[in-house]
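K.L.:
Single-letter residue listing:
There are 4 protein chains.
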Amino acid sequence: MSGAIDLTERQSFAFWYQENLRFSDIDMLGHVNNVAYAALIESGRIAYAREVLGMNRWPGVILVMARIEIDYRAELHYPAVVQIGSRLMRIGRTSLVLGNSVFRGDLCAATSVTTLVIIDSSTRRPVAIEAAARAKLEGHLLGKEQNAVF
Amino acid sequence: MSGAIDLTERQSFAFWYQENLRFSDIDMLGHVNNVAYAALIESGRIAYAREVLGMNRWPGVILVMARIEIDYRAELHYPAVVQIGSRLMRIGRTSLVLGNSVFRGDLCAATSVTTLVIIDSSTRRPVAIEAAARAKLEGHLLGKEQNAVF
Amino acid sequence: MSGAIDLTERQSFAFWYQENLRFSDIDMLGHVNNVAYAALIESGRIAYAREVLGMNRWPGVILVMARIEIDYRAELHYPAVVQIGSRLMRIGRTSLVLGNSVFRGDLCAATSVTTLVIIDSSTRRPVAIEAAARAKLEGHLLGKEQNAVF
Amino acid sequence: MSGAIDLTERQSFAFWYQENLRFSDIDMLGHVNNVAYAALIESGRIAYAREVLGMNRWPGVILVMARIEIDYRAELHYPAVVQIGSRLMRIGRTSLVLGNSVFRGDLCAATSVTTLVIIDSSTRRPVAIEAAARAKLEGHLLGKEQNAVF
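Chains as they are written, first to last, in this note's numbering: chain A, 4 to 153; chain B, 4 to 153; chain C, 4 to 153; chain D, 4 to 153.
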C-alpha cells in the first residue's frame, strides 16, 4: 500500500542519487527555485529508471511523464549537497508511479510523486506491462535496491 | 466550485502571459522537457500574482510555494510560442490555489494547480488573509481579469 | 570588416528575436544570471540560423558551437522584455562567426560573438563551405535581413 | 604568464569541483547544451571564489562578471560526472581573470576564461585591489590550492 510509505523519511528510500546545488538554481529570494527542484527530482528519477528499472533497455518503449506532484517542505540554500531518494510506489496497467524526495542530510526539502506512462516509441500509444516485466517490477515495490550509502 | 473549472479549456482563462520556447527548453527526446514546463508555468503565475493579485505590493508578506501538480497533456516542439493562462481557484485561510495552463494555440499542453502560502517576511510564519483582502481576492475567483488577446 | 561593427548599437542589427525574462533567469543577486544570458543569446542565434541562414535546410550538415565570447554590459532586472539582435560577421572556410546582442529598449545589456563550425552529420568532420553557399552567405554580411520592428 | 598556462591540461589545475550532468542539461542534439556548460563553469568558479579566494568574506564588495570566453572542445553525453578545474590567471587593477575547464576523466570538454570586476556593493563602482589583498591573491597565481583528489 503506497499510502503507508512516508516520503518525508530517509528510511523510505534505498536508492540515492547525489547532486550539488548550482548557483543558477537559486532565485532572487535566495533559496533554490521551485523549477530547480524539478530538475533535481528528474536527475534522481532518471538514475533510478536506468539503474534499477533498466528502462533504457526495454526494447521499443519510452517512458513519458504524465503527471508530477511536488510538495515543498523546506527551503534549500546555497551551497549544499542534496540527495534524491527514489522508489517505485505503484504499478498500473500501462504506467508506473514513482516517489522521489530531496534531502539535505536529514532535512526533507521536498517530496514528489510522478506518474510515468510506458509508450510504444513508434506508435506513441501506451503499452500494457507484460506479466514477466510486471513480476520483475513488483520486486522493486519494497524499495530495497540499495546503491550507495551517503 | 473549483471542480467545475476545466483547466484544459482556453475559455477558463482571461489572464494570459506569452512565452517563446527556448532551444535550451528542449531535451534529448526532442520535446520540451518537463522541467521547462515548470519554468513556463512559473512565468505565467508570477505575472498573474503581480499584475492581477498585486501580491508584490502586499506589505510585509511574501508568497511561498507549498505544492504544485502538473499534468502533461501534449508534447511541445521547438520552435513555438506558448500562452500560459492563469486564474485564482480557491482562497484558503493562509493560502491561495491557482490554476495555470500552457497552450499552443488551442492545444492544451499542460495544466497545473499551485498552492501558495502567504508568509510574514520576517517571522516566516503563515499569515491569515484579512477580510478586506479576502473580499478583493474573491472578485478574482471569476477569472475575468482580461489583460490581452492573443 | 567585422572590426567596424559596433555590437553595442541597435542599428548594427536588422534581425531581432524577442524574449521575456523568466523568474527562473534571476539569481540571488537580483539580476539576470550570466547563464541565462547564454540561453537568451542562443534563442536569438538559432532563430537567425534557421530563418535567415536556413541552416536547418542544409542537407547532411549540422552547426556545432566552437566558441562563445560574452561581454556583460548592464544588469537586467525582472520583469522585462528583451530583444536579441543577430547578424553574420565573418565567413571562414568551415565556420561562421555571428554577433548577437541583448537589448532592453536602447540599453545594451550584453554583446556576444559566437563561432559555429559546419560539420558533416555522419562523419562529424568539418565541411568546407562551397562557392554557391558562400555567395549566398556573403549577402548576409551586410546585416540587412529585417524581420520585424520592435 | 597566463599565456603559458594550458587550460586543456588537468595538471594546470589543483582546485576541483565535481558536478553530475543533469538530464535537463542535454539538448535535442543529444549532448550537453552550451548553456549548461556555462552553469557548470559557474559552479566551479563560485566554489573557487568562495573557498580559495574567500571573496564572500571581503567586506563591502561583490564580484560581477564582465566577460566570459568558452571554447567547446568535446561533446559530453548523459549520464556523466564532470570535474571543473579553476585557477586564478591574472590580477588587474580592479579585476581578476580566472581560468575554468570542464573535464570528464582526462577528456577536456571545455576551457573558459572569465573576467570578474570587484565592485563596491553600495556605489556599484569598481574598487581597486589594495596592496595587502593583492599580495595574498598573488600566492594563488601558482594554482597550487589543492582541495581534493578525484
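Treat the hints with care, since some could be wrong.
If you want a taste of the chain C side facing chain A, the calculated C-beta under 10 Å gives, among others [unchecked claim]:
1. A17
2. W19
3. R25
4. S27
5. M31
6. L144
Since the hints were made in silico from the structure, they are not lab data.
Source: prediction; values computed, not measured.
Built from N, CA and C at the ideal position, the CB exists for glycine as well.
K.L.:
Close enough to count: is the Cβ of S27(C) nearer than 10 Å to one in chain A?
P.N.:
5 Å, holds
K.L.:
Would the hint on M31(C) be counted as holding, given a Cβ-Cβ threshold of 10 Å to chain A?
P.N.:
5 Å, holds
K.L.:
Is the shortest C-beta separation between A17(C) and chain A less than 10 Å?
P.N.:
32 Å, violated
K.L.:
Classify the hint on L144(C) as holds or violated, based on whether any CB of chain A lies nearer than 10 Å to its CB.
P.N.:
35 Å, violated
K.L.:
Interface hint check: R25(C), Cβ to nearest Cβ on chain A, cutoff 10 Å. Holds or violated?
P.N.:
Where the cut-off is 10 Å and the nearest Cβ of chain A is about 9 Å from R25(C), the hint holds.
K.L.:
Can the hint on W19(C) be confirmed by a CB-to-CB distance to chain A that is less than 10 Å?
P.N.:
26 Å, violated
Hint check: violations occur at hints 1, 2, 6; the rest are consistent with the structure.
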